[in-house]
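Protein chains in written order, with my numbering: chain A, 881 to 1246; chain B, 881 to 1246; chain C, 881 to 1246; chain D, 881 to 1246.
It cannot be assumed that every hint is accurate.
All copies of an identical chain are treated as equivalent in the list; a pair is satisfied when it fits inside any one copy or across any two copies.
Unchecked claim - Here are the simulated SDA-like cross-link-like pairs (lysine to any residue), alpha carbons at most 25 Å apart as the crow flies:
id	residue 1	residue 2
1	Lys1045	Val1140
2	Lys1070	Glu1145
3	Lys946	His923
4	Lys1026	Thr968
5	Lys1026	Asn1151
For the record, the hints were derived by calculation from the structure and aren't laboratory data.
There are 4 protein chains.
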Amino acid sequence: MSMNSFGHLFRVTTWGESHGPALGATVDGCPPGVAIDEQMIQHWLDRRKPGQNKFTTQRREPDQVKILSGVFEGQTTGTPVQLMIENTDQRSKDYGDIIDKFRPGHADITYWQKYGIRDYRGGGRSSARETAARVAAGGLAREAIKQIAPNVQITGYMTQIGPHKIERERFDWSQIEQNPFWTPDAQAAKEWAIILDDLRKSGNSVGAVIEVVARGVPAGIGAPVYGKLDTDLAAAMMSINAVKGVEIGEGMAAAELTGVANADEIFMGQNGPQFSSNHAGGILGGISTGQDLVVRFAVKPTSSILTTRKTITKSGEETEIITKGRHDPCVGIRAVPVGEAMMACVILDHLLLHRGQIGENRGRIG
Amino acid sequence: MSMNSFGHLFRVTTWGESHGPALGATVDGCPPGVAIDEQMIQHWLDRRKPGQNKFTTQRREPDQVKILSGVFEGQTTGTPVQLMIENTDQRSKDYGDIIDKFRPGHADITYWQKYGIRDYRGGGRSSARETAARVAAGGLAREAIKQIAPNVQITGYMTQIGPHKIERERFDWSQIEQNPFWTPDAQAAKEWAIILDDLRKSGNSVGAVIEVVARGVPAGIGAPVYGKLDTDLAAAMMSINAVKGVEIGEGMAAAELTGVANADEIFMGQNGPQFSSNHAGGILGGISTGQDLVVRFAVKPTSSILTTRKTITKSGEETEIITKGRHDPCVGIRAVPVGEAMMACVILDHLLLHRGQIGENRGRIG
Amino acid sequence: MSMNSFGHLFRVTTWGESHGPALGATVDGCPPGVAIDEQMIQHWLDRRKPGQNKFTTQRREPDQVKILSGVFEGQTTGTPVQLMIENTDQRSKDYGDIIDKFRPGHADITYWQKYGIRDYRGGGRSSARETAARVAAGGLAREAIKQIAPNVQITGYMTQIGPHKIERERFDWSQIEQNPFWTPDAQAAKEWAIILDDLRKSGNSVGAVIEVVARGVPAGIGAPVYGKLDTDLAAAMMSINAVKGVEIGEGMAAAELTGVANADEIFMGQNGPQFSSNHAGGILGGISTGQDLVVRFAVKPTSSILTTRKTITKSGEETEIITKGRHDPCVGIRAVPVGEAMMACVILDHLLLHRGQIGENRGRIG
Amino acid sequence: MSMNSFGHLFRVTTWGESHGPALGATVDGCPPGVAIDEQMIQHWLDRRKPGQNKFTTQRREPDQVKILSGVFEGQTTGTPVQLMIENTDQRSKDYGDIIDKFRPGHADITYWQKYGIRDYRGGGRSSARETAARVAAGGLAREAIKQIAPNVQITGYMTQIGPHKIERERFDWSQIEQNPFWTPDAQAAKEWAIILDDLRKSGNSVGAVIEVVARGVPAGIGAPVYGKLDTDLAAAMMSINAVKGVEIGEGMAAAELTGVANADEIFMGQNGPQFSSNHAGGILGGISTGQDLVVRFAVKPTSSILTTRKTITKSGEETEIITKGRHDPCVGIRAVPVGEAMMACVILDHLLLHRGQIGENRGRIG
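Sequences and hints are given; from them, build the entire structure.
Have a look at this one:
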């Protein structure tokens, strides 16, 4: 019942602080015989890495992953896989105000109130650096999925920065890898670049919405009533730093629909059931329909900003704080590969769970 | 690793189908010495009960709870509490079309595809009747919370039906118990009554948004990074039937804020830290701040409607279906006590977890 | 993380006290499509039922199981199965001394010290009546195993009562069902009958050793290093009331062997590897070898005896107690079907776990 | 539900192979504010380290622990503690026969049959090197226990090598640290030295029995009916490499007692209840009595021996194998600190669980 773990059969425990010697993921339950090496995992880490462009923090973190266990002669052995990322720059430096003052919007105050001790160096355990471990685990999960459900394709992208949303009519899958925002709307990418430039210069930040879609997921994975696929996806995404909302399919907008409009009518296609629409986001009753899994989450604006904010100290004195240093004007950008990784972990976990309880057989239609 | 369980230390496993002999909740980990009896739990079940007014289904389900274990001489003993609700009307009747056809928007098709067998009587395990068991468990959780954190107050209410939202300026706590929608906006209640009447007559349905607030929650409960308080709340709410989106504090709207606007500035109050605002919804880094916990979720429109929809049969033939019978035009109404129950279970669970890892001491400010 | 649950994927939570309205098992994770009805489960319960012969307690407990959920039209649906046994005789009666005095060897004192409240009626939760729920769950597990590994045969029997052990040379499988002790040694059965008769008359009791063997278990189930098959079997057996020791294969006697003597040499048989001996009890490194699984456990003598013993009261006064009533002179007899049930649950659980992580393929030899 | 994890609230996941880059323990749920550093953990690792005397393997493994996370300024922070031990000698060498042949008594054949892939270098994941990670975690647990139950003292020792048992009359706690066998019987230590010398020279090995006692454990920890203290101890000990039997208190010998003899009578001492004897081993109904916790386990003889044994190859051919190299004639010796570590982890876990469910209050006597 580790508080720092997720997954049922494919179980990931992350550990480490932003400025300790290292951080990583202990991954248990991976199927054996999955071809994997450090380069394959590094590929996904490099996408999340800061400093990729001027819209993410300019701190240099090589984020080089090492596989310490569970892989032999290029294949997983079925035993725990330890994925470690050493923190290269952990020199003791002047943390200044942060030692005694609580930064608004950060977990400084709650960690202190809970534990009575706080690793104040760069956020410690609450730092978004922890998500590097998730991305590494997600890279492994993607390879394992290929063994079981080779048609699964997981893609994340931004659909909104601040109040600025993409136009769904301009949605183009091929654009996602062409701009620094991983957005399928090329025109939005251009506009957002200007907006973020302004925010960065003014020392302000902004929130974002990320959508992650999984195509090719077989029907039938998930379970009632608390191990639901949507429950686990909601938990997976909400566990990412700074996320404040999670949606499946229509999400919050489902409230605005009528039953007639919301019904995804069912037809018979060549390869099984097909649907007139996907308001459900690929999940009914906690179980996948075979349609695209569609998950969306909102990331709040970076709390580290260059504007003075009021706060208190550990001894209860009122004061002010300003968070200097290089920070992402929109942490949402780097949340895209993290959301993909969580989606991969959840899908693999439920593929294994389904196989465990039910095996290869399932209900056929037609 | 039961798929039908939730909670870590206060662990609830629900069981039962809508038309089987009974359903219930097996609750393990409840603290001993909690004064409880069937009437105290029945109080909460009666709020969820159908047929309370014309806006909920007119089926008569007495939903009478029995305590079968774990309570002795009016107090919990610390051993598993079994809360059973017998299904009084489980006569074999004509289920007609439902036996072979999959109702759009329901879990009929996914249960079939997963299990290859389906209890077609009223939705079986996927029926919203399962939430009665959660409400019963929540009633117990509320009493246990009183022992540990007596100031906690949990209140749910509707903030939106279809596209019609409440006006926050008209928010009045005392109104919540005064109308069939549990809404704090008396004027909205009047308008919604007309809207739902029309929907009911036309055999259509509509979605809703429910907000659940917990006041008086002590600072410091929750945990990084996957056992976060917000992660568990998101999972708890998303696990409720028909929920498609979950928000903490600002929720999806957090995407639209700037870092300057989003910062909840901190001051020193008479009883500890106070905040200028609560964009965070009472949680920072997965741990409670002591502010109100604010969770919101969207419920999709009832899928059982009186309009013909296209679908297929188990043998793959295309056909049509219409769902007759008495149904809620807005299942969101009855989701209010369910959301409250899940909030109670999560808070109790995290109070116990905190006490387990850390004891009574925690970091003090000032 | 329910304390009253066992199993990973096939997860059994038992609930109920000896003198409450009912007790039972909530079983989650059972594969769908398992043919089951109440009679099939009752068959196993009847074996454990008291009053079967003069060597077990003469209390009449019909122990009639009801299936309340998870079964539809004679098959499991894959959703939680609730197995309930009503306590037919729960009239309030005079519990006399037991209310205030702690019976030596019973859990009276520890329940009080832990919880500060104690259901003193017949042991409450600590009563061996709880094992009826396990036997019911085990009956379901046996049927589910047939789907996956149809050659599995689980048989428990007594090998020792007090200091009196069976002679292995007289071991005869066909005798097990022929005597009240489920022992494969017909001559031992005769001798034990006399010994137990004497003990019963003198109001004393005696311990026993039970051995449970599973034949036909496929090689490869289990896991390193804490989810080992032997670890789970040890936990399963030690969790049974009054058990004080658990052995796999050679058990404690393994200490006396040399490496040369202990080596189970490997040969190639017609259907795969064969071994010269089975000191290992069918498990190497936590994983099954395909040999017979051999588990043994010791049950302490019944603590309820007709001899006066010294004890204290809740208020700390020294006093004496004698436990009247009808009791088993050797609870070990009724532990045989319980041990079989736990074996069945563990094997099914590991069959599902193996299928989940690895699927149908595994390493082949030859 | 990690197969490589143990513990409920104090949750330890071990990872790593004998000849990979490193191995370690990911420890979640440790209370914050525990003073700890690498030297304190190293102290316990050094006790387990091979090459300490001529009766343990002469391989040189420095087993130097590094704390990678969860500790800040000399104290635990309440977040995951990563304890890593690098494998210093992992040069590729000639593994000869082992690549294709299965060593009798080892997990070679079962890992192959389960996973279809096997890290043949020194046993891989099934190597007893994994227990170094447990000892490290146990070192941390010991320090955390001091915060909560400062009187707890955990001591392991050998009571039997081969058929040679200690004399209980010669039991002397002060002798345990004075001989290479950690035995409280000085004379047995002398005799065992001669016996083991002979075994080592003849290339044979022998089993052993280890007893671990915890004094000063408060009454009331543990739980019914599957999270029992004895259940968790049995699982903890059985999970150690080569263990084949586990006993609590009287253990298997409980079978030989009568109810009159077995009753631990209760008296009132100055500090609460006292008992006339401790047949129960400190546990009644799964909950601690306040008496000494007494656990015993048998370790089978080292399977790596210098005598030729018959076996098969991966392709199913019959052949012979002899395991060269330096090995422990009695692995039981090095199991003593491992048993202590597991005892420490289980006790801490149950202290936290108890505090979680029940808090500081419990039932008082007198």
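Cross-check of the supplied hints:
1. With identical chains, the CA atoms of lysine 1045 and valine 1140 are at most 25 Å apart between copies only, with a shortest distance of 21 Å across copies and 27 Å within one.
2. Taking identical chains as interchangeable, the C-alpha atoms of lysine 1070 and glutamate 1145 are never at most 25 Å apart, the minima being 38 Å within one chain and 33 Å between chains.
3. For the homomeric pair lysine 946 and histidine 923, the shortest alpha-carbon distance inside one copy (13 Å) is at most 25 Å, but the shortest distance between copies (28 Å) is not.
4. In this assembly of identical chains, the alpha carbons of lysine 1026 and threonine 968 never lie at most 25 Å apart, being 33 Å within a copy and 35 Å across copies at closest.
5. Within a single copy, lysine 1026 and asparagine 1151 get their C-alpha atoms as close as 20 Å, which meets the 25 Å cut-off; across copies the closest is 32 Å, which misses it.
This entry does not satisfy hints 2 and 4, going by the numbered hints stated previously.
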